[in-house]
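Engineer: The primary structure of each chain is shown beneath.
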Amino acid sequence: MKLFSDWTWFHRLGSPRWFYQNSGRWLPWLSVVTLAVLVTGLVWGLAFAPADAKQGNSFRIIYIHVPASFLALAGYYIMAIAGAVGLIWKMKLSYMVMKSAAPIGAVLTFIALFTGAVWGKPTWGTYWVWDARITSMLILLFLYAGVMALQYAYHSSDAASKAGAILALVGTVNIPIIYKSVDWWYTLHQPATIKLTSAPSMHPDMFQPLLVMIGGFYLFYALVLILQTRNEILRRERNTSWVRELAAAKMAAHTTAHSAAHTTTEEA
Amino acid sequence: MTMYFANLDQLIAMGGHGVYVWTAFAVTVAAMLWLAVAPLIKHRALLNDIQRNSYRDSLRNSQRQAHQPAADSNAKINSNATIDSPSSQNEEKF
Chain A
1 MKLFSDWTWF HRLGSPRWFY QNSGRWLPWL SVVTLAVLVT GLVWGLAFAP
51 ADAKQGNSFR IIYIHVPASF LALAGYYIMA IAGAVGLIWK MKLSYMVMKS
101 AAPIGAVLTF IALFTGAVWG KPTWGTYWVW DARITSMLIL LFLYAGVMAL
151 QYAYHSSDAA SKAGAILALV GTVNIPIIYK SVDWWYTLHQ PATIKLTSAP
201 SMHPDMFQPL LVMIGGFYLF YALVLILQTR NEILRRERNT SWVRELAAAK
251 MAAHTTAHSA AHTTTEEA
Chain B
1 MTMYFANLDQ LIAMGGHGVY VWTAFAVTVA AMLWLAVAPL IKHRALLNDI
51 QRNSYRDSLR NSQRQAHQPA ADSNAKINSN ATIDSPSSQN EEKF
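For the record, the sequence lines run as chains A and B. End of the first sequence = 268 in this note's numbering, gap-free, step of one. End of the second sequence = 94 in this note's numbering, gap-free, step of one.
Treat the hints as calculated values from the structure; they're not laboratory data. The structure presented is a predicted model; accordingly, all values stated were derived computationally and were not measured. Even glycine gets a Cβ: it sits at the ideal position worked out from N, Cα and C. Among the hints, erroneous ones may be present.
Unchecked claim - Rough simulated footprint, nothing fancy, chain B against chain A, three-plus residues with beta-carbon under 8 Å:
| id | segment |
| --- | --- |
| 1 | 130 to 137 |
| 2 | 218 to 230 |
| 3 | 235 to 248 |
As the list claims (entries may be wrong) - What follows is a set of in silico ranges between Cβ atoms, one per label pair, in the way DEER data are often shown:
| id | chain 1 | residue 1 | chain 2 | residue 2 | range |
| --- | --- | --- | --- | --- | --- |
| 4 | A | K90 | B | Y55 | 17 to 27 Å |
| 5 | A | K90 | B | G15 | 52 to 62 Å |
| 6 | A | V32 | B | V29 | 13 to 23 Å |
| 7 | B | R44 | A | R25 | 17 to 27 Å |
| 8 | A | A149 | B | R60 | 31 to 41 Å |
| 9 | B | G18 | A | A248 | 45 to 55 Å |
From just these sequences and the hints, can you work out the full model?
Structural biologist: See the structure below:
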């Protein structure tokens, strides 16, 4: 197959310019689909899914808690893999993806912890316990914060990228600990509801909206990662002629649209 | 498909768990909106900055050219080239 003999696709994928131009074409579609899936999942989970027999309606928090936790972990893999690709192949775009993934992952981890705490109050009677699962998620938040802080700790963005990538890779040790924490230790946190190897321990009426929300969160993650990476491309490539031409063209289009709107309002 | 709750009041009350459920959802939606909107605002600001800087560079280059006329034809070609692609010159941070 041509794909495997010809490596130009790999090099093209590593080109910030190629990524910027193509992602601009995907963004409108991706935004519409993401919004549609998330709104469907939210309404379904909040108003249509049945309440849990034991937990009542507080169980509905699962529709954001579980997807946010999934993406907090998946986002860490993406950040660490992007860092590794940057270290191995010295791919600039890869470092930009790594830097962009850190704040998104941090916000998702915060959402997972916050919704978990709010859910804990009516269910366990407490907002917080130093339980293995919760503590290891808090460490995940600190790892994301560490990678973010390292990006600003160096004058050279190359040194910052390398340091961030190394911290991200070392921190992957925490990921299996988070996954396995509910099995290895006796925790207040319940074991996984969804497993690839067995049927979900949830009624289909409750499970289907959860799947929609997980899908929606994956789409949302892709969307915001692309948005952040595009900004990072502009920031790092600001002195190249293609970025300067692009900025000039965008700003010119903006002023024309603005003045056109201005004249029409004056006429009216 | 029918709604689980009989009316809007029940949906808001969530059987006494309304405070928890709605707080969790409101904070999540706010955080996600911020994740999506902040980069869009930043994008416009970046393009604006880049455009302004390259405009300033081209002004500076043309002034330099006006004040110091090129000594030989070779230098003139070089300074002309910098106007076309200011990227080769300015390495300033912003």
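Engineer: Are the hints correct? Go through all of them and say.
Structural biologist: Checked hints:
no.	hint	result
1	130 to 137	violated (count 0)
2	218 to 230	holds (count 6)
3	235 to 248	holds (count 10)
4	A/K90 x B/Y55: 17 to 27 Å	violated (33 Å)
5	A/K90 x B/G15: 52 to 62 Å	holds (57 Å)
6	A/V32 x B/V29: 13 to 23 Å	holds (18 Å)
7	B/R44 x A/R25: 17 to 27 Å	holds (19 Å)
8	A/A149 x B/R60: 31 to 41 Å	holds (36 Å)
9	B/G18 x A/A248: 45 to 55 Å	holds (52 Å)
Of the numbered hints stated above, those contradicted by the structure are hints 1, 4, listed in ascending order.
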